[in-house]
Structures are given as structure tokens and as C-alpha cells.
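Asker: Generate coordinates for the entire structure from the input sequences, incorporating the hints supplied.
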Amino acid sequence: MTVAATTHRLHLKTNRTVDLTVDGQHVRVPEGSTIMKACQEVGIGTPTLCYEQTLTPVNACRVCVVEMEGSRALVPACARKVEPDMVIWTDSERVRHSRKLVLELLASSVDLSYAPDEVQGYLDHYDARPERFGPPDTSDGAVHRDHTQAGHHIPTTNGYAATVAQPPKIDNELYIRDYSRCILCYKCVEACGVDAQNTFAIAVAGRGFDAHISTEFAAPLPDSACVYCGNCIAVCPTGALIFKSEYDMRQAETWDEERQTETDTICPYCGVGCTLRLHVQDNRIVKVTSPMDHDVTNGNLCIKGRFGWQFVQNRARDTGVEESVGTS
Amino acid sequence: MLKAIHNGARLYVVDPRRTSSAQWADGWLGLDVGSDIALANAIGREIIEAGLCNHAFIEHSTLNFQEYKAGVESYTLEYAERETGVPAQAIRELAHAYARADRAQLCWTLGITEHHNAVDNVLALINLSLLTGHVGRYGSGLCPLRGQNNVQGGGDMGAIPNRLPGGNDVEIAEQREPFERAYGVSIQAKPGMHLTEMFDAMEHGAMTVVYIVGENPAQSEAEMDRAIRLLSGLECLVVQDMFLTKTAELADVVFPAAASWCESEGTVTNSERRVQRVRKALDPPPGAKDDIEILCEMAFRLGHDWGHPSAEEIWDELRSLSSWHQGMSYQRLEAEGGLHWPCPSEVEPDSKFLHGWLWQHPVGGPLAPFHAVEHDPPIDKLTDDFPVRLTTGRRLESFNTGVQTSGYTSPLRRGESLDIHPDDGRSWGISDGERVRVVSRRGEVEVVVRYDPILRPGLTFMTLHFQDDVATNLLTIDATDPKSGTAEFKAAAIRVEKLNVEAAKTVEVAAVAGGES
Amino acid sequence: MDLRLIQNATPSAEERDAVDSLLGAPQTDWRGTPHEAPADAYFGAAGHESRGHRHLLLPALHAVRDATGFISPGGLNYICQSLDVPPADAYGVATFYALFQMAPVPPMIAHVCDDIACRMSGAREVFAELESRIGPAGKATPDGRATWHRSPCLGLCECAPAVLLQRAGTNQTDEVIAPADASAVLTRLTGDARKVEPNPQELNGSLHAPQTLDPECAKGLRLLKRAGRVDPESIDAYRASGGYEALRRAFDLGPDGVIREVLDSRLQGRGGAAFPTGRKLQDVARAPARPHYLICNADESEPGTFKDRILMENDPFALVEAMTIAGYAAGCEQGYIYLRGEYPLALARVRHAIDAARRRNFLGADIMGEGYHFDIDVRRGAGAYICGEETALFNSIEGFRGEPRNKPPFPTMVGLFGKPTMVNNVETLMNLPEILIQGGPAFASVGTEQSTGTKLFCVSGCVERPGVYELPFGVTLREVLDLAGGVRDGRPLQALLLGGAAGSFVTTEDLDVELTFEGTRAIGAALGSAVIMPFDDTIDMADIVLRIAAFFRDESCGQCVPCRVGTVRQEEALRRLSAGVPLGSVDQELALISELELVMRDASICGLGHTASIAVQSAISKLHLFDSKRAQ
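Residue numbers (the numbering used here), protein chains in the order written: chain A, 1087 to 1414; chain B, 2 to 518; chain C, 152 to 783.
In case anyone wonders, no lab produced these hints; they're calculated from the structure. Values in this document were obtained by computation on a predicted structure and should not be read as measured data. Each hint can be trusted.
Below, computed lysine-lysine pairings styled on DSSO-like, alpha-carbon distance capped at 30 Å:
hint, chain 1, residue 1, chain 2, residue 2
1, B, 281, B, 247
2, B, 353, A, 1123
3, C, 558, A, 1167
4, B, 247, B, 290
5, A, 1186, C, 558
6, C, 570, A, 1167
7, B, 484, B, 70
8, B, 281, A, 1330
9, B, 353, B, 4
10, A, 1186, C, 773
11, B, 191, B, 484
12, B, 4, C, 570
13, A, 1167, B, 4
14, B, 4, C, 558
15, B, 382, B, 484
16, A, 1123, B, 4
17, A, 1123, A, 1186
18, B, 281, B, 353
19, A, 1123, C, 558
20, A, 1167, A, 1123
21, C, 570, C, 558
22, C, 570, A, 1123
23, B, 484, B, 353
Answerer: Here is the structure:
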């Protein structure tokens, strides 16, 4: 038996609105909205990498910055709340410059090849040319990156651009951590922490360019607090965290999103009733996600919902259905 | 729950083990297994004594308060401390915290219901909510957390001995008649049997043919030796399942079924009475059929041509008979991401909580009665021969008898173990990882010991997940709650025996050999 | 919370004692007693109260480091269990700080300053000697007892080159050696510990304010008036020299009266942003949420800056009194001094002053019988420049990584622990007693119209008499330089760094600039932390600029992309230019650096990113560094 006594006040939505101007257009949005929301109202898209509707904004990536009249620096659209009579410019010279540079800085230091198409779209749109910073230094820095000392660094090999290249961490059967693809958006840490799972298996460790996502003392996941809910994978924007099922298929070059269907159903386990989105390729489940906008668990699952579907497939194998995908 | 805690909510956890939830709790009350009513009644008495009960609510919305008050009179804090082991001061603190909270919820799982007096346990908790008015209002209430995805929906659809779909009572003619008209048959006016009664009926020869759909009682029943014996002795056993389970292996006829959650269309109902759609994402393997199809084929062979109805057509028939579900068209279920019953109209919102009518003036339904209940400790008594309490439960990564979860590789899974407190291990001379024999009055198993500080001396824990390897249900007792039919999985008396040295060596050698193969 | 501790990592007795001496011995096995009390079997509390001590994480990490030299898995486990903090989280916090090592290290570490002032004043010779006698940085002495590391600016620029010697263990001490010669360092690292002579520098305190030596000059001093004259360890001496008169005056005026005087004084914050202190006091005092907090930002880490250290070492009671006045005006009952980890003497003096003040009822309940309650906790930094940024400082005190927060909301409304918070640096606060004694208008009569009062200037580098100088706002750069005896050895001046590593390079053409907030702004520079560092003609300016770029790369917290990667790309480009192997042309490289400057200034979260390129840009534009047309 558990007793939870809630002491906090209900969040009552106010009816107040705020008027502002975005790219010369007048916008009225509810008080407390973000600039990004105001942009949406007038059909202006905002590029984002570290933003997720279910997580507290950290606005670390800075690709969403916009120009706000009266502000010395640009402001993050994903987190900055609207104020009366704000004047916002989303496509000024300064905005384009910062977005382009942020994308170049990321693309020159991180492997974005598994990032969704929209990220490549941003790079194209802002004419990002990451090669301007020199050829990537992809020498194997794995050991170095897990055990750096804050306040010290070894200078980049002259003529090269430092990267976060390192071999993927494969230490369990469920998912892979390939931090050479990590843009340090903090989303996995938030999902593992107070925003969803409250397991706190991972945190940002180290500092500066050497900051990285880590368990305590870089322990392998099976030795950590990880409960394999996969909620970190669900929010990872660049494929740094990836299901082993997907990773293996990508390695075998059998992963083909064009041939995949997505079907929403309900988890077969406990009574919470989480929605499972089954990604199916060739009549086999290849991964499971959950819609962020469903109010039962807002995209979060547990290990059983996320990974406990294989029995359906094992049964298919028993009855002699041909193995058509996967290497495992 | 953790979201609420981060917003400032206080959490009290009542559980014999220091669970993960207990590690977050402002107070953990680690009562002895099966002393829930002693605790709940003492909380009730303390709330009354301290003048913290909600008199306006009690007078307006409830019945039998005086009987309840008299019933808990003997449940002093001191008595409760003796029966539960929990310090009186902690019980008092919880009583005051619950009664003084602006909003409070009581949530529970099988620790309340897997007892021989399961219904009394639940009533004892309901009494507390009536005492304080923590029911039928936003943020307050009673919340049984269901262990299976459609245990609520199964009952709502009438898969329960005394109910027809939509909660209609088989014993009440005006509730029964619409079904008789719609189905064109007469329905017996008395409740059917619950699971435990069925096994008794098998034992007495009154039940000779059994048709089991999607259950694995050969492994999930308490005292499983008896369950297997009875199922094996039937004239005819039919099993319909996704897998050839241990139960299916005993069957005369097996119907291979599609996985209802991903290979067919339909609905399930979760803990909060939310009806949600399940959808077909995969074709079932060759030979396996949708449950609906199997049932219709059965009906046809029994002389009833039901045709080939779709899941939605069946649902619409249900809606025509169940007022709870009337407003829930497939279209609406899709659009709104599920609906909570009661939802009698397609044009009105669903019901987020159930007992709001208790607060209406005048009350919008029957008054809520208090039920005075008495503490009754577990049937399986601790004695010198069986001095240790065994309780059972689940682990995060596994589910019930493991039929589904054994299909994936989990880094968290470590197989069955007898979890004991390290102090017990030391005083019994049993080391962490040692293989032992566990003996109850009903049977014995061999299992590896694991030290776990979330227990306390005298309290041990096992799961039911690995019945193929360790048949925990050989140990459990099928002392059953007469009202719900649930067995007392939570409380068995055991003793732990060291295996003799020779046997231990053999095991070790076998393990090594296994490791090399 | 539901902690999963590191398996098979038990704390040593030293680690256990270190944590227990800070937090008290745990009362239940939930928090780490080795054997459980019987009561723990049936009841436990691990809720909000248990999770409410996270702000002690940084002190607990210090305690373990002080005891053993590093943070072991067992030590981290014990801290986590004691404070109910997840190990991964605590690991993330510990690895944020340069002074915490996560693997075994020798108990003695010499941090040898490698920053701009020291490398112009003999640091290279120290490095060369250490390398030849011990080995490269990080290598242990043969007995495994000691090692050495390069360090960013230790804030001892006026007595460069500087070394901070940390000894862990039962006789834990931190010792400063400055000016350091290689033999003094080597004696300590390799010699017999019992025979080491005390360091005369340490005993004298670091009185490096040359004006105080000249009685005539000393008369005009306000902030430095007690330096070298009044015993910094005696509260009676402090009171005999006018101490606590200002607090008495504050009680007479009442909080509103104090704020009015500060508003009238037109005092502006000395931390670099020059925000009006009176308005900040007013904003916090009026903020409806409670409680209010006061923070003294003593995390002085800007290369070239050491004025706050000298104030704390020489007049610690004045800081305590100033904080009490500020706390009284802003309605705070709890104050914190966040003191950088590399200042052992300042730490000792401030702690001593707080204890002495508490004993005499100048801190604690009912101060001076006026019914006002106020106390101060000292929090020691652990090697992170970014923690001088006020919101990063909040996170650091709260036990999180020292990463800046987004503003708004501003600290006066949502600061430490989410409450209204008054944050000021040491020098700003130290003006408050002066303002109350003289009155706001009189204070404002010194300096210029827009920049009132006196200012402390940190003069170091190629200069004859380095040290901290107190002069009225409006003095020219040339006058300060002259007062400090001009360029060392009479050599020609090549350039000056004005304002610190986040400031700008200026040239001889700028010597007549008035040193005010507005005057420096007019020449495209900033007063910053009032660093004045001249470089003579022998200095390789490319080396200095590279060091500044490396400093920002090291000190970026890593949170936002423009700063995290931008500081790396900036250093890489400068290194290519410096080596004469540009990508494309020199002009292309210079354009690239300009683009980086713009994105860091426009899109970074905090001031570190905003300013990480200023010095580099000024070196390129003013000193024509790397100019392709410049004669080689």
C-alpha cells in the first residue's frame, strides 16, 4: 500500500494572452508560451536539436536562437517565454550566422550520419560547411574521452579539427551507446533523471569539449543503475543511443525505413496501458517507440514494453517463418 | 508518482520489503506480511481519536460509521505495533499525514490482494478513504494498480463469475434480461465459479471439461502440484494460447492463437478504466488464428453460426448492452487516445474519476458503507519447523510465469533466487550465491540464495517468473479468499536447509560443465 | 531515493571519517551505518528531508579529497549514500572540477601556474627544472609521494611565478609558494617533509599593495586602508580601526535607509557587469518569495586578477561586516562566500573572521542586540573559472555541475535554491561600510560622474612594482602604470592587457584612456576585473594569445555548442596561424576567427562564451597579430 499526499497546487491555465511581433507579423499567444510557440502560430518553423516536448528545455544546442530587439545576445526560442511587445526576428543576418555556425561546429565534431533527415535539411538550409575547420581528427580517443581531467587538454593535432570520435560502447544486448554521434543535448540525462525515469544511471561528466555522457566511473551499463527502459534512446536526436536490433540491421545494411510500417497498440504487460508504436519491417518488429503526445506515459516505457516483444518473433521462428532480417 | 514527489507530494510506503518506492518515501512502514488490517484499523482509530475525520463527508455520503468506530476501538497504536512490528509513532505519523492532507491517494497492488482475506484488506483501505473523504475528487482516491494489461477489461466484459458485461449483475433480473434478449438465450441467474472453486470442482469430479484461453495455471497456481494433477485428470482439456505452455502440454486439444496485442484488432482497459485500442501490426504465424475467429469456429461447430464479425462489430454489440461503454465508438477511441468508463454518451466527455457522485447534493447514488473488518494473520503459521516467512512478487524485467518475458535477453535478469537478509545468511551459515533447499508444508525446491538488504531477518522473497527452473508455486499455499478467489501467494512459511556437501559439489560440477558446453 | 551504489566499492576508514566529520555519523543503515539498528527493520525515512542535503556534495567531495588526495569509488559511494545522491550524478559533479582527481594520485600535488603573468616571470624555468628532475607533468616522484601539474592562473600574479602545493592526508594543508623558484618546489616535492622550512610568504600574508608602504599614499586608501596596518586575525584590532561602526549605522538607518545610501552612492558592481548595486539590493529586498539569500562571489579566477584575494587576506572582518550590512538591507538570513579553491590563506582568514564574529555576536541570532539574524557559510570552489558566473555559482553551491542557467529569470527573483538572491563580488561588498560611514553622496563625490568611488587595479606582468593599486575612477592607464614604476627594467612597452583574459589588448596609443566603465567602453575595451598587464618588447604575443585561447577551451563548461566547440576551433585556428600553416590563406583564417567570435558572442548561454574571443579579436585588430601584411 502506498500513500501519496499531493500538496502542490493545480496548474490552472490562465486566460491571459501576450501580443508580440515575429518577423513583422503580429502574434497573440497565451501567457507563458515560448517564442517557438509564437513562431508556430504564424507558420514559422524553428530548427531544434536539444528540444523535446516532454523534457525541461536545457537550450544547450543554440540552433533555435532568434534575434530579440533590445537584447544584446540572441535568445533561445525553445525556452524563452514571450513578453508583451517583444519584437522577434527569426531570419536575420545574425540569426542565420549563428544557426549556420552552430550546425558547422556540431557537424565538424560529431558524426551526424544517423541523425534524421531534418538535421541534414538544417545543414543544407543554412549552407553549413563543416569542412572549413579542417579535416576531422578521428584518431581513437575513447580512453582519453572517458577519463579526462577538467581544466586540462591536449591540443588538437595541428591542421585537424578535434572530434568526439570513439568506438561505440557495446556492453549489453539491448542497446548501443555510440558517443561519436553525441551532440551533448542532455536529453538522455533528463529522461533518465527527474523528467521521466528517475533512475539517474547517466550524467554529464567532465567539462568543456571533453564533457560527455557517462555512468559513474564510466562503468559498463550492466554495472550501472540502468533499468533499460530505453527512454534515453527515445529522445536521442542523432542515433548515438540506438537499439541493438536497429544497430545490427544498420551494420548489415538491411535497415530500410522505407519498408517499415508504424502501428500503435497497447503494451501486453501491466495495467498502466502504455501505447506501443511498433515499427515493423518484413512482418517483424524492428523497434518499439511510444508517442510523446499520449498522456498515459508521454512516450516513456519500461524494459518490458520497450524490449519484451521478442516472444512474438521467437514464436514466428518456431513455426518456420523464414528469417529475413537481422543478424542476431 | 515521482513526478508528484518532485512537485512536493509526500509519500508513505507500507510494504514488508524496502522496495524502490520505499527508498523515495518520507516514511516506510515495513509491516509484517499479512498485518495490513491491523495497521489500517489502527490508522482509522487514530484518525477518529485525534478528531481528524471528515464528519461532513461521513454524514453526507456514508453508512455504518458507528459500527466501524466500534469495530476499530480495540486497534490501538500499541496493539498495531505488536501485530505489525512498525513503531506506534510511525503509524500515528502516517495517520495524521493522510488525514490532514488536502488531497491524498491510496494506491496498492497485489500485496493487498494476494491474501486469504484479500477483500477485507481492500475494505480496510476503503474505510480510511471514507473516514477522510479522500475519494471522488481530483487528486484523491483509491487506486488499485493492475498487474495485467487487461485485467480490468476482462472483468468489465463479464469474464468474472457474477457479472455480465458493463458490471451488470447476473442475479438481478432487470440487468440480466437485456442480454438474454440480445443473445437469444437464457442466462443462469446465479454466479459462476471463480478459479479456485473450479479447481475444487475438478477435485470433486463436478467439472470434467475445461477450456482455458490465454492462462497458464499449471505454473501460475499456488500449490502447483495439485493444479497439474487436477488438469491432467480431466476428461477433456482445451487450451487456446500463443504458446505451447506447460498447461497446453497437458491439453487434449490446443488452439494456436494470434497475439492479441499486435496480431489482431480490439480494445483493452487499463487500471484507470481507460479503454484503448489494440491494433494489428503483424500477420500471425501460419496456423495461429485470431481469438475471435477461433471462438466463432467453435460456435459454428457447436451449431451456432455467428458469421465472421469484426472486432469493431463485436464492440458495437457490447456498447448496445453496456451503459459504461455506450459512448465509446472506435472513432472516438482513436481520436481521444482512449476513454474512461463510465461513458454513456457519444457527445459527452468520459469520466476521469468514478465516485464524484458521493459529493453531490443530494448524493448521486447509493451511500458508501463502512465495513468493519478484523485482522486475521496469514494461514501458513510460522512455527519451529517452518520459522521463516516467504513472500512472492515480481521483478522489473520479467512478467508472471515468464512465458512472454523469457523471449528477450535482459541484462537485469539473473534467474530465480531466494532473497534473504545478509544477517540471516550469516546466522544460518549460508553464503551469498549458495544453493539451498527451501521447504514448505506443501513442497520443496532447490534454489540459489541471494543476499538482499531490502529484506530483514526472517523475511525472504522469491518470484514466480522461472517456474521451469524453480517451481516457487510448489511452496505457496492455496488458502484462498472466499470472496475473490485469490490465493495467499504473499505469505508462506518455510525453512531453509543447506544441501549436503556432496550434493553441493555435484551442482558445482554441473554448472562448470554447463558453462563449457 | 532509490540509489544503486557502485558494487564492491567500500569506503576506507579515512574516507568514512572525512565524510562523517562533515555530515555527522549516519543514524541509520539507510545512510550508511555498517550494521543496522533494529529500528531500521520496520521503519525508515528517505524522503524530502533525506534528499535535502545535496548542497553539501561539494564540501563532501573536498573532505574526501583532502583526506586521500582523490575521489575513489568507495569514497564516492559513501558520499552518495550519506547525501542520497545517485553515483552517476555525483561523478558528473566531481569530474567538473579541476582540483578533483578520480584515480589514485600522490598525496602531494604542486599546481604550477602556467598562465600569462607567470609565464612572463619565470614559470618556464620552473617547468624546465621540474621536467628534468621529476619528469613531465603528472609523473610521480620516485617515492610516489608527490607530483606536479600545470595550472591555470592561481591569482598570485603580483608575485609570479606561483605554485599551489596541496597535501592530502591527516595533516592536510594547502600552501602557496610565490614567487616560486624550482628549488623551493623541488625541496617540498622530493625532500624530507620534516626539514622543510616554513614559507616566509605564507607567514607574512600576501601583502602586495605597494601603496600601503608609503604613508602619504596610504592616506587616500579606502578599501585597502587596513591592509598591512591592522592584524587581519584580530576582531579587536578590527573594531579599534573603525570596524562595525558601519553596521551600527546600518541598524540606525534601517534596511530602506541603507538601500537609499547605496543608491545615492551610485555604486556599480565591480565584477565586470557594472550593475548598480543599490538597485540590486532594492530588487532583492522587494522580492516577495522567501527566504532571500546573499552570496559573496569570491571565486576570483580571471587570469591576471588577485584584488579580492588581497582584500580577504588583509581585511576579512570588513568582508564579514559588509555582508552583514548587505544581508540586512536585502532581507537575507543566510549568506554564502563562494571562495575559489586555490586561495588557502584567504580561506583560513575568512573562516577565522566568521568564527570570531560569531563568538562576539556579530553573526548568528540577534546581532548586536538588534533582532537581526544572519550567518555565513564558506563554500570552497574546486577549480572552475565558470563558477564565477553567478548562476553557475548557484548550481555549484546546490551540489550540481557548475553550469550557468539561462537568464531570465534573474537571480534577484530566482537565484540560489530558486529564491531571490543578492550576488556581489568581494570588492563591491567592501564598499558598503565606506558608503555608510561617509554617506552615499560623499562616496559619489570621488571618481567620475558615472563611475563613483575608488577602484582596485591588478597590475602585474612586465612591470616594476606589481601589486594591487587603489585609485579613484578616472585615473588614466598611464598614471597607474607610472605609479607601478613603469615597464620592468625600463624596456619598451609592446602592449597591455586591460580587464583580464576576457578583456582586451591595448597599445601605447591608449595610455591616456580614463579608467572608468564609460572611458574604457569608449575605446572598445572594458574595465572587466581591472587587470592591467603590460608586455614588454621581448614577449611573444602569439604565445600569450594562444594561452588565453587555451584557457577558455579548458574553462568552458561544455553546456552550449557555440562555446564548447567554438573555443576549440578558435584555439585550433590560432595554433595554425601561429605555426604559419593556415588553412587556405591567413585572411581566411582571420575571417573564420571573426565568425567564431560572432557566434560565441551572440549564441552562447553565458558571459564566458560571450567574452571568450574578445582578447583574441583585439590582438588581431589592435596588435595586428598574424597580419599577413605585417613585416615578419
